[in-house]
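Chains as they are written, first to last, in the numbering used here: chain Y, 1 to 724; chain Z, 1 to 121.
Source of the hints: derived by calculation from the structure; they are not laboratory data. Be aware that one or more of the hints could be misleading.
[As the list claims (entries may be wrong)] Computed beta-carbon distance windows for the label pairs: (1) Y:Lys566 <-> Z:Asp14: 44 to 52 Å; (2) Y:Leu583 <-> Z:Ala46: 35 to 43 Å; (3) Y:Ala479 <-> Z:Ala46: 50 to 58 Å; (4) Y:Ala641 <-> Z:Ala46: 45 to 53 Å; (5) Y:Gln476 <-> Z:Asp14: 47 to 55 Å; (6) Y:Ala569 <-> Z:Ala46: 34 to 42 Å; (7) Y:Lys566 <-> Z:Ala63: 15 to 23 Å; (8) Y:Leu583 <-> Z:Ala63: 31 to 39 Å.
[Stated by the list, open to error] Quick partial rundown of chain Y residues pointing at chain Z, CB under 10 Å, derived from the structure: (9) Leu3; (10) Ser7; (11) Leu495; (12) Ile507; (13) Ser508; (14) Ala509; (15) Asp552.
C-beta: ideal position from N, C-alpha, C; glycine also.
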Amino acid sequence: MSLRAKSLLAAALTTVILLVTFLVLTRLILTDSYTQLEQKDTIAHVERAVNAMTNELAGLSRSANDYAAWDDTYNFMESRDPAYLEVNYPDATFDNNRLSLVTIVDMQGKIVFAKAFDLVQKQEIPVAPEISDLVTHHPALLRPAQSISTTAGILMLPTGPLLIAVQSILTSDGTGPTRGALLMGRALAADEIAQLSEVTQLALSARPASAALPPEAQAAAAVLSAQQPIVVHPVNEQLVQGYTWLNDIDGRPAVLLSVDRAREIYQQGQMTLSYLTLLLIGAGLVVGIVMAGLLEHTVILRLGRLNREVQAIGTSGDLSQRVSTQGRDELGRLATEIDRMLDSLENTQRLLRQREREAVTLLDSIPAYAFFKDAAGRYIIANQKFCEALHRTREEVAGKTDYDFYSPERAERYRVDDFYVTESGEIREVSEETIGQEPNAIVLATKKVPLKDEHDQVIGLIGLAFDITDRKRAAQELAVARDQALAALRFKSQLLANVSHDLRTPISAILGFSEMLLAGVYGPLQEQQIEPLTRIVMDCNQLGRLVSDLLDQSRLDAGKLVLQFKPFAPKDLMESIKAAASLNAQNKGLELIGLIAPDVPSEINGDYERVHQVVLNLVDNAIRFTQEGSVSIHIACRDAAHYAIQVIDTGQGIAPEEQALVFETFQQGSTQAAGRYKGLGLGLSIVKQLVTLMGGQVLLDSQVGQGTTFTVILPLAPETKIQA
Amino acid sequence: MSALQALVIEDDRDLSLIFSQALRAAGFEVETVGSNSGAFTHLAQATPQIVTLDLHLQQARGAEILHYIRTEPRLARTNVILTTADSALAETLEDQADYILIKPISFTQLRDLAARLRTQF
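Sequences and hints are given; from them, build the entire structure.
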């Protein structure tokens with residue numbers, strides 16, 4: 001129901017209720033007032049009728065008095081002269097005075113004269129027998145005679161009610177003694193009532209109490225009492241009746257007098273009510289129409305316009321529009337508030353659009369296929385790269401699902417992934433997915449992250465699919481290259497191992513035989529034979545170490561060199577090194593010095609063979625590049641966890657520009673030295689690699705012409721077996 | 001006290017000769033074998049104090065002979081000197097061997113080692 005209809009209904013209902021209430025109240029009050037007025041009026045008329053009746057009796061009394069207090073009558077009571085009767089009571093007297101009965105009674109109650117007259121027929125009629133009993137029946141009638149007074153009232157006779165007046169018979173001047181009583185009566189018959197009606201201009205009727213009463217008269221008679229002497233009884237819309245009892249001379253109800261009245265007052269009231277009703281309805285209509293009009297103009301039209309404007313803004317989504325409703329009332333304020341809300345909404349929308357642009361820019365800048373999906377698997381937004389791959393616009397992608405773009409199997413696979421993410425709230429990663437056939441196949445790595453709302457409910461997901469085809473291909477190529485390189489390295493190692501073995505055996509033989517010759521196993525040698533044989537032995541040893549270096553280098557390259565840590569005594573190491581190097585040192589005339597600092601523990605944990613190899617290599621090197629002086633080996637603690645082995649020579653030293661190169665594979669320390677020393681330059685490189693492998697480091701300190709110091713720093717207790 | 005015995009297991013004739021001379025110079029009676037089967041045959045009946053074992057012995061894996069010596073109670077007091085060109089291979093058997101000599105092996109080195117061992121018997 002529209003607001004207009006509601007307002008109209010409210011106005012109409014209010015008007016109707018007001019009208020009805022007013023009308024009902026008015027009708028109640030007015031009807032009551034008119035009824036009371038009618039009642040009073042009727043009562044007044046009944047009283048008037050009663051008064052008329054009283055007047056009638058008074059007139060009757062006056063007539064009786066005229067005849068009773070008259071000397072002729074007074075004398076007649078003495079003389080009983082019939083002339084008096086003839087002169088004074090002819091039919092004309094009855095007719096003129098409207099008398100139905102005249103009776104004269106003497107002081108003894110004996111009827112002296114009685115004459116009855118039919119006022120309708122205008123003729124004398126026999127006196128009813130009851131008249132003779134009158135005195136007997138109503139002894140009170142005599143009292144006037146005795147007390148010089150008059151009595152008037154109604155007397156009920158079997159023939160009907162009779163108005164009577166009894167007067168003491170006196171002289172004309174009103175003095176006595178009383179000689180009897182004169183009674184005049186008038187029958188209260190229809191003609192009398194008609195007479196009264198005519199006089200009073202009232203519709204009267206009189207019914208003897210003894211007669212059968214009509215029902216409404218009976219009802220009225222039942223209500224009549226001393227407290228309520230007059231009863232008003234509306235018969236119908238046109239007629240109202242007033243009732244009252246006329247009592248007889250004994251005070252008993254004798255005649256029910258009724259007055260019929262046209263209900264003019266009542267009808268006037270009804271008419272007034274009708275006019276009032278019409279007037280009120282008319283006024284109500286006018287008020288209603290004015291109210292509706294005012295409401296329409298001040299509220300509903302403006303509200304309607306406001307409603308249409310807000311609706312239009314809502315439909316168009318154009319938050320820059322504003323409502324036009326003006327005014328200082330609530331509607332005006334509402335419109336202002338709506339405008340303010342629109343301002344806020346517009347700002348929020350602008351901010352949202354900015355965020356969206358940022359998100360889209362961010363999405364587009366991601367070097368991957370990126371998209372947002374809702375929980376049902378529909379794309380919300382996707383980046384440029386994704387859309388281009390599908391040959392769709394961003395708008396075409398939005399709202400679609402994977403089933404719109406891919407084969408059912410592929411879409412199903414993606415849907416299962418999406419479902420996992422949205423149901424578990426966990427990230428789903430597909431590290432490798434191949435799309436298409438070689439050679440055009442692409443490889444994707446996909447990550448789907450759940451998107452949650454502020455209540456931590458999953459409402460969708462963010463998907464990122466990286467094209468890792470190139471990376472994958474490069475990795476594959478790299479793997480092939482690595483396998484090939486490893487195979488080559490294995491081959492090289494194997495070759496070196498074989499070559500090494502094959503070289504060592506003949507070297508061993510040359511060395512062995514040379515030593516045997518030197519040892520005199522094959523007989524004594526001449527002095528000049530010893531020197532070349534010694535050279536052969538030295539060169540064999542050198543060759544043996546070279547082969548070992550080659551083998552070690554190949555093992556280091558292949559990562560196959562295994563360290564074995566166990567405790568060894570620095571003293572043993574020192575002795576072994578000196579023993580192995582002493583021959584070379586002696587041959588060059590160099591002093592070989594070994595020193596172990598007192599703080600060095602008697603046992604050190606380490607790979608003895610490799611430490612031995614490193615130090616011997618450095619010592620051999622030092623002997624080789626030192627022409628005179630000494631080679632010293634110092635073992636000392638460096639700090640709580642490390643010890644240092646220093647090999648110090650007094651040789652030619654190494655130039656600064658060459659120092660950085662001495663540890664490189666296949667580098668000779670000095671181009672000058674290279675001329676004197678024939679080798680592959682593996683020694684120091686292997687030293688460095690081995691020391692590094694053992695968790696230590698090699699330091700070089702040298703000045704040209706000042707000698708060289710190599711310092712090997714190693715952990716006192718290597719934590720674990722290290723594998724290269 | 002019978003003469004101390006040594007067994008040289010080496011397939012290279014030159015080295016076999018050099019090792020024999022070094023051990024004889026140290027005072028041992030020396031037998032030489034150049035094959036796996038020869039080694040097992042000899043060890044089945046002799047109880048040498050020293051065995052030099054070439055790990056790259058052809059036909060046989062020196063490791064098997066070493067394992068045999070180490071599991072045969074009769075040979076419990078036998079010193080095994082591994083002679084090899086491959087230090088890495090030798091190191092894997094370090095626990096079972098008494099000494100390891102890396103080729104090229106010096107005549108004097110083996111002679112002096114044997115002479116030192118001789119004093120223990």
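Run through the hints listed earlier and report the numbers of any the structure violates, in increasing order.
1, 9, 10, 11
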